[in-house]
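A.B. asks: The primary structure of each chain is shown beneath.
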Amino acid sequence: MPSMMIEVEGLTKRYGETQALAGVDFSVESGSILGLLGPNGAGKTTAVRILTTLALPDAGRGRVGGIDVVEHPGEVRRRIGVAAQDATLDPLLTGRQNLALVGGLSDMSRSASKARAAELLEQFELTDAADRVLKGYSGGMRRRLDLAASIMTRPPVLFLDEPTTGLDPTSRQRVWESIRELVAQGVTVLLTTQYLDEADALANQIVVIDHGKVIAHGTPRELKAASGSARLEVALSAPHPGAIAAIAPLVVGPVHLSADGRRLSAEVDASSGIATSVVRALDAVGVLVDNIEMRQPSLDDDVFFSLTGGHVSTTDADDAVDLGAARSVAGVLEHSSNVDAVEVGA
Amino acid sequence: MTAATATDRVVEGRGRPRRVEAMLGAVSDVWFMTRRNLVHISREPMQLSDVTVQPLLFTVLFVYLFGGAIPLPGGGRFVDFLLAGVLTLNLVTSTMGTAVGLSTDLHEGVVDRFRTLPMWRTAVLVGRSFADLLTSLLCALVVALSGLAVGWRPDASIISILGGFSLVLFFAYAVSWMAACVGLNSKSPESAASFGFIVLFPMTMVSNAMVPTQHMPGWLQAITTWNPVSAVVAGTRKMWGNPNPSAMIHAWPMQHPIETALLWSLAILALAAPLAAHLFRLHTTE
Chain A
1 MPSMMIEVEG LTKRYGETQA LAGVDFSVES GSILGLLGPN GAGKTTAVRI
51 LTTLALPDAG RGRVGGIDVV EHPGEVRRRI GVAAQDATLD PLLTGRQNLA
101 LVGGLSDMSR SASKARAAEL LEQFELTDAA DRVLKGYSGG MRRRLDLAAS
151 IMTRPPVLFL DEPTTGLDPT SRQRVWESIR ELVAQGVTVL LTTQYLDEAD
201 ALANQIVVID HGKVIAHGTP RELKAASGSA RLEVALSAPH PGAIAAIAPL
251 VVGPVHLSAD GRRLSAEVDA SSGIATSVVR ALDAVGVLVD NIEMRQPSLD
301 DDVFFSLTGG HVSTTDADDA VDLGAARSVA GVLEHSSNVD AVEVGA
Chain B
347 MTAATATDRV VEGRGRPRRV EAMLGAVSDV WFMTRRNLVH ISREPMQLSD
397 VTVQPLLFTV LFVYLFGGAI PLPGGGRFVD FLLAGVLTLN LVTSTMGTAV
447 GLSTDLHEGV VDRFRTLPMW RTAVLVGRSF ADLLTSLLCA LVVALSGLAV
497 GWRPDASIIS ILGGFSLVLF FAYAVSWMAA CVGLNSKSPE SAASFGFIVL
547 FPMTMVSNAM VPTQHMPGWL QAITTWNPVS AVVAGTRKMW GNPNPSAMIH
597 AWPMQHPIET ALLWSLAILA LAAPLAAHLF RLHTTE
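Residue numbers (our numbering), protein chains in the order written: chain A, 1 to 346; chain B, 347 to 632.
Bear in mind the hints are in silico, worked out from the structure with no lab data behind them.
Listed next, with one range per pair, are the computed distances between beta-carbon atoms:
(1) B:W377 - A:G139: 28 to 38 Å
(2) A:G23 - B:L370: 41 to 51 Å
(3) B:R627 - A:G66: 22 to 32 Å
(4) B:L370 - A:S3: 32 to 42 Å
(5) B:L621 - A:R61: 28 to 38 Å
(6) A:K135 - B:L566: 41 to 51 Å
Keep in mind that this is a model prediction, so the values were computed, not measured. We put the CB at the ideal spot given by N, CA and C, even for glycine.
Take the sequences, apply the hints, and build the full model.
C.D. replies: If you want it as structure tokens, here you go:
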């Protein structure tokens, strides 16, 4: 088995006027999850469509399990499972019939296909709905069935295109658990998502793409580190002249005070016990605290926007600047990822 | 280049077992796709009204509406004349279902799923056409039974009668591949449906299916004489031993209706089937 299950080099794809991919490179190590992260229209789905033999690249190469997706699409199809963004199951068949159809078309024997379908329906808690027509399924049930269909043949490589978009939190957690179980069994996963917390929770490596280009990549930890420190917000019961001085030694940079004098905010290093230290320091000078909030450097939307250039760039000139800045971020991350690779693997 | 050549040689080296395996795989894919389409029909049995209620109505209505009004050149009972026409009308217009069905498939995500599976892609089309052929058989049965109920009597051997049915079924099967091409090229299932009204309905009406063509103006008679539907209907009447006024028309297709019908069917199939496969590949390649 090749150590890199998915390899992408210089992938380029244009749909009419839209440059969906403008030269994307990444690779996914065998048995790991890569999170392909980006806003709508960033090119995530295009990359997945090329790697799953649904679309042809204009330039560049994609290999799955060492096999070129353009030269040997049939061989690639024998090795992959796909759960696409739009549910791609037959709405007029039952859950069980859908799985049996996928099994049959993948040359599974009748008995093997039947047994595997029953096993998956059980695993994804769909046994009760198994013999109902798909039209009556909820969004979460459809997604789970889609995921089940994608692993019917126990493929070594799995492509999940926004597997939890539109799901309620409970269904989302269930899908996450299923993905973790698959990786524990040695499956390699390429996951696209718009949600940073999803990439954070699941992926070993994250590739951030926007406007068809990779703008950052690294482990979730590295991306968090690169995205700056946590933000502390304290609400006081009443304005107090000693408050700023009390917490100044604990924070990074200046402490901001709101106009009414009751809200303090500052950047902090996310060291352990920081909230306790802040409360103690304020208590020591007799300040009563109503609320304390610590926004961790999780890969939240602000960070995401700071990386992707967000929605602000409208002109080409702006684009160039944003991408230039982002590329230097990417460079830093690339460098540090080499250092951290061993640690992350363990 | 070298890599490609090396792979080719490998494939060639164990060519036979690979090809046999691939063929068995394709047969199994067609079987699964056919079954899928039959399940669709069982889910929405109203889809079957085209091949059950409609032929029943047409047979009964046309026999009683036109029965007394249209004298047949050369004599014979109108109901015996009509049945081959009604059968052809029903089977040909019901191929519209193939166009709509494929267009629907193409506009739903399910084809994407099929395309990521290691299957023979054209099985999507062949499976569809087989399922539609089975519903055509049902349609033929309904026409035959309702015909018998209103007085239709074939006058030929069982083999010849079945041959008449096969002639129409084969032609309708070929036309269903034409419909497949239309469905694959349509922007929506709704526009695929209009194919039935714009092409199929006139094609079956401007023929000898419902009325004898002898009284028609010369130009119209020329069209009906060379319309493939006329050959199919005349050939079926001949095989059923039913009145066939077209036999009095001195043109090759009407003198040799069975051969003409078979030639047309083969020609349509030979053109439309590869074209449909090509269109399917074209519309599912990005």
